[in-house]
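Student: The whole structure should be built from the sequences, with the hints applied where relevant.
Residues per chain are reported as follows:
2 protein chains.
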Amino acid sequence: MKQDEQRMSLSSGRLRKAPENFLDREGIQTVKMQAGQGRRDFIRGAFAAAATGLTASATRSQGNPVPSEGGDPNILNLPEHSRALGQGVVTDGYGKPSKYEANVQRRQSPGLTQTAQASVSFSPLQSLFGIVTPNGLHFERHHQGWWDIDPSRHRFMVNGLVSRPQVFTMDELMRLPSVSRFHFIECGANTAAEWGNVAVPTCQYTHGMLSCSEFTGVPLITLLEIAGADLKKGRFLLAEGGDGSSMTRTIPMSLVRSGEVLVAYGQNGEMLRPENGYPLRLVVPGVQGVSWIKYLRRVELGDQPWAAKDEAIHYLDVMPDGKARQYANLQECKSVVTTPSGGQVLLDKGFYNITGLAWSGRGKVRKVDVSVDGGRNWRTARLETPVLSKALTRFNLDWVWDGKAAIIQSRATDETGYVQPTYPQLRAVRGTRSIYHNNAIQSWLVQDNGEVKNVQLS
Amino acid sequence: MKQDEQRMSLSSGRLRKAPENFLDREGIQTVKMQAGQGRRDFIRGAFAAAATGLTASATRSQGNPVPSEGGDPNILNLPEHSRALGQGVVTDGYGKPSKYEANVQRRQSPGLTQTAQASVSFSPLQSLFGIVTPNGLHFERHHQGWWDIDPSRHRFMVNGLVSRPQVFTMDELMRLPSVSRFHFIECGANTAAEWGNVAVPTCQYTHGMLSCSEFTGVPLITLLEIAGADLKKGRFLLAEGGDGSSMTRTIPMSLVRSGEVLVAYGQNGEMLRPENGYPLRLVVPGVQGVSWIKYLRRVELGDQPWAAKDEAIHYLDVMPDGKARQYANLQECKSVVTTPSGGQVLLDKGFYNITGLAWSGRGKVRKVDVSVDGGRNWRTARLETPVLSKALTRFNLDWVWDGKAAIIQSRATDETGYVQPTYPQLRAVRGTRSIYHNNAIQSWLVQDNGEVKNVQLS
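Chains A and B supply the protein sequences, listed in that same order.
Per the numbering used here, the very first residue in the first sequence carries number 1; after that it's consecutive.
Per the numbering used here, the very first residue in the second sequence carries number 459; after that it's consecutive.
These aren't lab readings, by the way, just hints derived from the structure by calculation.
Just to be clear, a hint being listed does not mean it is correct.
[To be verified] Think about it this way: if two alpha-carbon atoms lie no more than 27 Å apart in a straight line, the pair counts; the simulated DSSO-like pairs of lysine-lysine are:
1. K554/B - K99/A
2. K767/B - K781/B
3. K364/A - K557/B
4. K557/B - K99/A
5. K96/A - K554/B
6. K691/B - K767/B
7. K323/A - K309/A
8. K367/A - K554/B
9. K453/A - K367/A
10. K807/B - K862/B
11. K807/B - K911/B
12. K349/A - K453/A
13. K822/B - K96/A
14. K309/A - K233/A
15. K911/B - K825/B
16. K364/A - K404/A
17. K364/A - K822/B
From a predicted model like this one, the values you see are computed outputs, not experimental measurements.
Tutor: What follows is the structure in structure tokens.
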């Protein structure tokens with residue numbers, strides 16, 4: 001990883017080191033002392049710093065009624081934004097984040113792949129809140145680059161073991177009964193580098209091939225019924241994407257029959273983004289991202305798995321005996337602490353809100369335990385509601401840091417009773433030769449200087 | 459409303475009139491016939507249109523292995539995106555919607571206010587799915603314009619009936635225990651023009667001062683406890699914004715004690731947007747938007763309501779007897795059909811998914827009934843889950859349009875048993891002189907030519 005990339009991810013952490021982005025400790029004490037002197041003094045003190053560099057000519061030249069320098073010092077010290085006209089509505093018909101959030105970006109891990117068209121960008125999990133991933137920060141995984149396909153020309157076909165093969169336009173799909181559901185999507189290769197003891201520095205790079213959205217679309221089973229699918233013979237679907245990678249994946253009809261699998265056009269309230277399959281993608285809740293076919297143009301109903309290119313050569317788990325585990329599509333229960341996490345710096349001793357994400361491809365998260373001593377003692381975290389099936393769950397836990405080195409971990413349990421494994425437990429079953437489906441417990445070392453690092457406990 | 463504005467909102471509707479944006483009926487029939495001829499023929503036929511204008515020199519000049527014109531016609535007819543390299547990852551570290559969605563914008567209603575700094579932009583509800591409003595399309599209401607405030611210089615004070623007045627930096631707030639919750643926010647003046655029988659053409663302009671997000675922040679009660687609040691004497695809070703409008707609002711402590719009121723920094727997974735109060739805003743679930751103070755810099759605990767400027771002069775309901783109803787902050791149960799809605803055009807007879815939004819400031823939506831005959835007969839719509847308290851709820855209902863004129867309405871009932879009123883019912887209580895708090899049933903007329911118009915039934 002290049003040095004500048006690393007620095008950028010450090011500064012995008014929420015717990016920034018003073019005084020680079022925030023007041024230093026002396027500044028905070030000054031403001032607090034001023035606050036103790038009463039309200040008027042406080043307002044002057046608290047905003048004095050904010051006015052620095054903002055009392056310049058710009059405001060006056062706009063003709064606003066700003067008092068002269070000999071006027072009321074309380075008013076003079078107010079920041080410009082408290083005494084002048086701001087910007088008007090619809091400066092952007094489609095708005096953007098604050099300029100102060102420019103470091104909160106999805107990022108490519110340099111050197112991970114040879115070309116940007118067959119690569120990955122990672123979501124900045126360390127900077128996110130709640131469970132929704134903003135569409136602009138959704139992780140990307142492309143096999144032959146992304147396209148912005150004209151929806152008026154896009155078609156979706158249903159064929160195979162059906163009595164009435166169908167071709168749908170987008171208009172036709174959007175007239176059909178739709179559902180909206182929150183689900184996580186995780187690349188099967190998320191946390192892949194950790195198999196080989198590579199301590200990737202930040203949770204953006206360890207776990208950032210993970211996002212969660214509200215998806216809207218038509219249940220695939222509805223479209224199969226319209227096509228007169230033979231639901232007795234038809235046990236597996238082939239889903240095919242419209243981009244040049246010819247991505248095809250086998251989807252078991254057992255998942256489709258429940259109504260969970262969607263032919264989706266909406267994501268977080270708006271149309272899918274081009275990088276994520278606009279105008280149509282398959283949503284396969286609980287299953288690894290590669291099966292969520294983007295630019296979806298066809299499903300074919302058949303009676304056996306297809307062993308497609310990306311099922312026969314890639315996305316296989318090499319087991320300790322050298323055999324390949326195939327069609328292991330489900331993302332098992334997993335969690336990660338996002339703050340404090342690698343690359344962040346704790347400013348000071350005292351109270352912190354430990355927070356992170358948990359998820360399971362098998363349903364709801366039942367509980368998350370958190371340790372601050374490398375797994376000797378565990379406390380149960382508070383889960384934010386609603387806890388949804390096959391969606392991210394946000395957890396929070398109070399913690400008072402005593403300034404000594406600490407190892408922070410989270411361990412999720414899902415509604416089936418499955419418990420997220422340690423690395424030794426995972427390796428005992430899966431060995432060390434895998435790339436995919438690493439759901440082991442992540443450890444973050446908080447050093448006594450406040451710096452947080454990725455460590456792996458053997 | 460200017461003609462060009464109107465046209466833009468028409469074309470941003472999802473049900474576009476052929477052939478402007480989508481295939482016409484003949485085109486659809488052609489594709490379907492080709493599909494019936496077998497799979498290879500289908501692929502050629504279905505994508506022939508898509509290849510139009512895309513087989514130009516761009517691809518060949520990239521040196522991709524595209525067959526010559528004398529080659530396999532099936533391959534030749536594939537669109538460029540199925541045979542060439544697309545764009546790489548992180549084209550945008552913060553991504554954007556498809557270029558084909560450029561008309562999906564928040565819009566100012568021309569002539570509504572004198573200056574853009576004291577104005578409104580409306581969310582394009584007719585183009586949205588599910589319950590999440592993308593931050594870029596969140597409605598705006600400014601009283602003196604918006605600012606992008608440096609979070610490292612922003613301060614938040616708690617004073618009044620407290621034993622330890624506090625000043626918090628953003629860093630300090632973000633270390634405290636946080637919660638994440640989905641809530642709607644609606645301007646008290648939403649649907650205001652309808653009081654006076656002004657049939658605003660689209661649901662963007664009738665109901666678009668409405669959005670819903672996952673908010674993350676610290677419960678205000680936590681900050682009051684840190685400040686040693688006198689929770690016996692302290693019955694009302696003054697909340698104060700940091701922009702030039704000096705917006706101050708009274709918040710009853712009865713709402714704060716429940717833990718619902720948040721001092722929020724996060725919205726839909728990322729930091730608040732500048733137009734919506736970055737870096738800090740008050741979240742007051744169920745209450746009209748004006749009380750969700752943006753650029754929040756202070757709360758003061760007191761023992762009586764403040765009768766602040768925007769409580770004594772604005773945001774009052776003028777009742778039939780000429781008296782003003784004050785402190786009517788709560789947004790009562792309400793709903794609106796977003797498709798089909800004003801400005802959209804139904805392409806053809808046949809099946810449609812009627813969809814819309816329902817909400818209540820008093821808790822959860824219990825049910826939504828939908829009528830297609832102006833209120834004579836009602837059917838109960840399907841509610842998307844999870845149904846959350848004081849959040850938007852998406853409803854859907856199957857409908858087969860027979861091609862004749864129809865009047866579509868929705869009527870929501872909340873968990874308290876309150877039923878959304880008709881206009882006659884609302885006017886019987888509230889008269890006709892109000893601006894704020896119109897929650898009457900909305901009617902959309904589908905004409906026999908498919909055009910949908912706003913009508914008001916007396």
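Student: Each hint: holds or not?
Tutor: We went through each hint and held it up to the structure:
For a cut-off of 27 Å, the pair hint linking K554/B to K99/A stands: about 16 Å separates their Cα positions. Simply put, K767/B and K781/B have alpha-carbon atoms about 18 Å apart, close enough for the 27 Å limit, and the pair holds. Distance hint between K364/A and K557/B is unfulfilled; the C-alpha atoms sit about 36 Å from each other, more than 27 Å. Pair hint K557/B plus K99/A holds up; C-alpha atoms about 23 Å apart against a cutoff of 27 Å.
In summary, the hint linking K96/A to K554/B is supported, as the alpha carbons are separated by about 9 Å, within the 27 Å threshold. Proximity of K691/B to K767/B is assessed by CA-CA distance (about 24 Å); at most 27 Å being required, the pair is judged to hold. Distance hint between K323/A and K309/A is fulfilled; the C-alpha atoms sit about 18 Å from each other, no more than 27 Å. Proximity of K367/A to K554/B is assessed by CA-CA distance (about 35 Å); at most 27 Å being required, the pair is judged violated.
With a C-alpha separation of about 25 Å, the suggested pairing of K453/A with K367/A holds against the 27 Å cut-off. Restraint check for K807/B and K862/B: the C-alpha separation of about 9 Å stays at or below 27 Å, so the hint holds. With a C-alpha separation of about 17 Å, the suggested pair K807/B and K911/B falls inside the 27 Å cut-off, and the hint holds. A threshold of 27 Å between alpha carbons decides the hint, and for K349/A with K453/A the separation of about 17 Å falls inside it, so the pair holds.
For the proposed pair K822/B and K96/A, the alpha carbon gap of about 31 Å is over 27 Å, so the pair is violated. Distance restraint check for K309/A and K233/A: the Cα-Cα separation of roughly 24 Å lies within the 27 Å cut-off, and the hinted pair is therefore satisfied. Straight-line distance between C-alpha atoms of K911/B and K825/B comes to about 25 Å, which keeps the hinted pair within the 27 Å bound. About 35 Å separates the Cα atoms of K364/A and K404/A, which puts this hinted pair outside 27 Å; it is violated.
The hinted pair formed by K364/A and K822/B meets the criterion: a straight-line CA distance of about 22 Å does not exceed 27 Å.
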